[in-house]
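Keeping the supplied structure of chain A fixed, place chain B upon it in accordance with the hints.
2 protein chains.
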Amino acid sequence: MSKSLPKRSEDYSLWYNELVKRAGLAENSAVRGCMVIKPYGYAIWEKMQRTLDDMFKRTGHQNAYFPLFVPKSLFEAEEKNAEGFAKECAVVTHYRLQTDPDNPGKLRVDPNAKLEEELIVRPTSEAIIWSTYKGWIQSYRDLPLLINQWANVVRWEMRTRLFLRTAEFLWQEGHTAHATAEEAVAETRQMLEVYAQFAEEWMALPVVKGVKTENERFAGAEDTYCIEGLMQDGKALQAGTSHFLGQNFAKAFDVQFQSKEGGLEYVWGTSWGVSTRLMGALVMAHSDDEGLVLPPKLAPIQVVIVPIYKTGQLDELLERIRPMQMGLIERGISVKVDDRDTERPGYKFAEWELKGVPVRLAVGMRDLDAGTVEVARRDTKEKMNLPLADIVNSVAALLDDIQVNIYRKAHQFRETHTTRVDTYEQFKQALEGEGGFVVAHWDGTSETEERIKEETKATIRCIALNEPDEDGTCILTGKPSKRRVYFARAY
Amino acid sequence: MSKSLPKRSEDYSLWYNELVKRAGLAENSAVRGCMVIKPYGYAIWEKMQRTLDDMFKRTGHQNAYFPLFVPKSLFEAEEKNAEGFAKECAVVTHYRLQTDPDNPGKLRVDPNAKLEEELIVRPTSEAIIWSTYKGWIQSYRDLPLLINQWANVVRWEMRTRLFLRTAEFLWQEGHTAHATAEEAVAETRQMLEVYAQFAEEWMALPVVKGVKTENERFAGAEDTYCIEGLMQDGKALQAGTSHFLGQNFAKAFDVQFQSKEGGLEYVWGTSWGVSTRLMGALVMAHSDDEGLVLPPKLAPIQVVIVPIYKTGQLDELLERIRPMQMGLIERGISVKVDDRDTERPGYKFAEWELKGVPVRLAVGMRDLDAGTVEVARRDTKEKMNLPLADIVNSVAALLDDIQVNIYRKAHQFRETHTTRVDTYEQFKQALEGEGGFVVAHWDGTSETEERIKEETKATIRCIALNEPDEDGTCILTGKPSKRRVYFARAY
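Read top to bottom, the protein sequences are chains A and B. Residue 456 in UniProt numbering sits at position 456 of the first sequence, and the numbers go up by one each step. Residue 420 in UniProt numbering sits at position 420 of the second sequence, and the numbers go up by one each step.
Derived by calculation from the structure, the hints in this document are not laboratory data. Quantities reported herein were computed from a predicted structural model and do not represent experimental measurements. Keep in mind that the hints are not guaranteed to be accurate.
The list treats identical chains as one, so a pair stands whether inside a single copy or across any two.
Stated by the list, open to error - Keeping only pairs whose Cα atoms sit at most 27 angstroms apart, straight-line, the calculated DSS-like set for lysine-lysine is:
| id | residue 1 | residue 2 |
| --- | --- | --- |
| 1 | K7 | K235 |
| 2 | K57 | K297 |
| 3 | K348 | K114 |
| 4 | K134 | K348 |
| 5 | K47 | K297 |
| 6 | K106 | K336 |
| 7 | K453 | K310 |
| 8 | K336 | K21 |
| 9 | K114 | K7 |
| 10 | K251 | K106 |
With the rest of the complex left out, here is chain A (with noise of 0.2 angstroms):
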């Protein structure tokens, strides 16, 4: 609170980075590339999962776990998948740590602990989970096998940010056994639907779902369906993928099944993931220049109360405030009540804000006596004075409302930034303004695709699924084209 955050206008990066310090989410640690989620932010993580996790068993899934390391020759055993991860990967060699002879006090790997084979630290569990599938699956009747795991994975990524990339991130990944290629595509599908789901009804955070190209598909997988969010700086952010794998991983290791029919077929699979990163997505995407502003139904303090008191009173004013807490609380709001006696209203006020509390009540004696409570809505700061009495089902409104209300303003902020253009004079013209999405009709082939990424840095972010087609021209390379697909620049 010494100091206000930098400005979105004047820095986006920078409001970012010191917005997410500040707020509590999470800092950098002593570990290259690699973060801390300090409490406030692994709170609202928690209730990510809490929600994915329901959203997942409903849907037929289960959970269970699979080993941290994968020994290389299972690694390697997915050609294409191998190739994806070997570049960025963190590589175990030995187990075992020993005094250094040249530096008594010191530690160094003890030479004669190299292990026969290296262990990779898994960037994705694609090859640990179907060497582990072959012994599950026998027959027909073992499938569809649906497992889920929620986990830690590493990526060695040069350069990381906050959330949105760092060496070691937390996810869940769904591994799913199909005996036809039609139900793999359904579940690739129907996950898709789930994580649109989540982003919109819980991040309040509007999404294109569509499919990647070939240059953006997940090493491994034949199609890679995604959503993607849109920032307040115009930049777009993947926000979660799933793939329909095809039979590549049941052929690289050998998971065939009994068919009804008697024959003996491989597998089909499908993956699907979302991790951390959506922390920086739902920062990103509401945020102001005073702090989060954080959708009332991930926030971890939904309503603050302030009191406003003369020295002396605290305690009577915190008795006369407890019914009202405990009306709120009764209700299932979590409620946190700023009884610190060493800060004044308006540092807590500031407080508050900046860690995106929806709803701030502030509550003195005269208000109490007079019948009315100060209200104030953090996302769009109005304040108004509301009656005591009715106080937990207007509060309990506020926050639904609230929730739309953050979920229509990122939408229309969407609809603002989302330009369509026929020439590649516009096409730039977009993005060297307000950036956003820009749909534009594109030849399909992976050179053009890369000519575009060079002179502009927007990529195709998906080929939407509820595009229509529509004849056009591409505006590269004046090719034809049957339907318009969504470029940005990215996260």
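Frame of chain A, contents of chain B only:
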């Protein structure tokens, strides 16, 4: 179900391994010493997690997340801790693989991607967490700091066993910081009580609470408190530990705070943890030759309903079962209706016995017509016919009774397997007989403790908190002793 389990009386160790695998709790993986926790096992672990997490939060703790890796320079900062874990840690030395020039299609570690400083995969997180706390703690106002983390850790054990000792395991680790030694000791003991309460009320496992001897203390702690359970083979199992760290980590990482009086002091610390080892304790404490016996509070499925029907009747029967099923679900009881048309009732009975489902209802048309249900309890194998009209209440009461009965049985076993002895001969006889806890006088020296361990394989499990003072003489050396301690052979 193809063949029956090995018997406990014939090969306890084989019985345990087979049971863990066949009941679908866990299996060995392709990675040496690492297990796969299967969905049914993970469902039990999730119930444990949820319960403990609620208990931690009720006692004022918040969750956070710290990096998987510990840079070597931090790892070695607290000398005793480093020495304790250096011999069994996984070390990351490289961050990239490349195509092996001698073996196209294979990968090898890229010699140009060697880390400047090796990273240790955390065997426990004191080092990384206390290096972080240095930034979080400046003043007494920042204390106490009450943090917990759910995470995976790696200890490169040479002899591993599913759940009991694995190279990677899942756990929670609490790490707290306090202004005074008294507060830190109180926290250490509070968390010991939380663990004991969880073990007894949820796992139905009676435990002895005590303090470890110096030999068995956590590396870097001033005192290690523990809870010790007794397994059916007469061996003890340490089920949770809570450490008073003194100022050891605060000094190693220079974590000082300004006291109320204005001085600069080192912070006092605690850490405490339980792990997936609890799963092993749960299995070993209660299960029998037919399979798992799960306490209802931790059973993923509390009631299984097996329809008994003639060909063609299944759909109608399921329809008639539904009200009972819904009644149980509304009561908060987890129910599984085994509607598989491919297996016979006897097969289903055996399968759910193996999986330890506390209550089984076998329901046929004739029973329903007569207004009764056949109820079988897993713990005592009793069967009874109960009135359909009141079945929800009966089952709810039965589940409570089973929880109590499983605890009572384990408690009785411990009572009959706790022997108080006064001579070394009696001591060895007790161990060679049915094992269990042997409570005896000890002279307080590490030498005696080690000699007893060498000669009998028994270790001091703890100096029990509720053991009264009593003058006596050490069973080995005859030297004076003020208090008996708990010995046992242990996992």
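Unmet hints by their number, sorted upward, for this structure: 3, 6, 7 and 9
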